[in-house]
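Enquirer: Sequence:
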Amino acid sequence: MAKGYWVSVYPAISDPERLTDYNELAGSAVQAGGGRVLSLLGGRVVAHEAGITERVVLIEFDSFEQAVAAYESEAYQKALVALPDGFERDFRIIDGID
Numbered sequence: 004m005a006k007g008y009w010v011s012v013y014p015a016i017s018d019p020e021r022l023t024d025y026n027e028l029a030g031s032a033v034q035a036g037g038g039r040v041l042s043l044l045g046g047r048v049v050a051h052e053a054g055i056t057e058r059v060v061l062i063e064f065d066s067f068e069q070a071v072a073a074y075e076s077e078a079y080q081k082a083l084v085a086l087p088d089g090f091e092r093d094f095r096i097i098d099g100i101d
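In this note's numbering, the protein residues as written are 4 to 101.
Since the hints were derived computationally from the structure, they do not count as laboratory data.
Errors might be hidden in some of the hints.
Stated by the list, open to error - Beta-carbon label-pair distances, calculated as ranges:
1) E27 to E91: 37 to 43 Å
2) I55 to P87: 18 to 24 Å
3) E75 to V40: 33 to 39 Å
4) H51 to D88: 17 to 23 Å
5) F94 to D18: 16 to 22 Å
6) E75 to V49: 28 to 34 Å
7) P19 to L61: 14 to 20 Å
None of these values were measured; they are calculated from a predicted model.
Note that beta-carbon positions come from the ideal geometry of N, C-alpha and C, so glycine has one too.
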């Protein structure tokens, strides 16, 4: 079964300290949904083409369906409410090859 992934890129972060509540709630929701964080928060990024060097988060799930269910879960929806204003995010759920 192909894995599923959450890919988040934050083109604009006005105040990273304000992400604390979201990070705690989202981390718990991801773990409860079976997700595994594959990239370090605040880790190094080398951007090419039209890329930006802001925060990138990659989370792996055992399946695409599991990734979608984790996003739609009550726990993650509560985390989204805690995402403060001033943050621009490109979020995608993608299907893996294997």
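Enquirer: Taking the hints in turn, state whether each one holds.
Expert: Quick rundown of the hints versus the structure:
no.	hint	result
1	E27 to E91: 37 to 43 Å	violated, 21 Å
2	I55 to P87: 18 to 24 Å	holds, 20 Å
3	E75 to V40: 33 to 39 Å	violated, 19 Å
4	H51 to D88: 17 to 23 Å	violated, 30 Å
5	F94 to D18: 16 to 22 Å	holds, 19 Å
6	E75 to V49: 28 to 34 Å	holds, 33 Å
7	P19 to L61: 14 to 20 Å	holds, 18 Å
Figure legend: structure checked against the earlier numbered hints; hints not met, in rising order: 1, 3 and 4.
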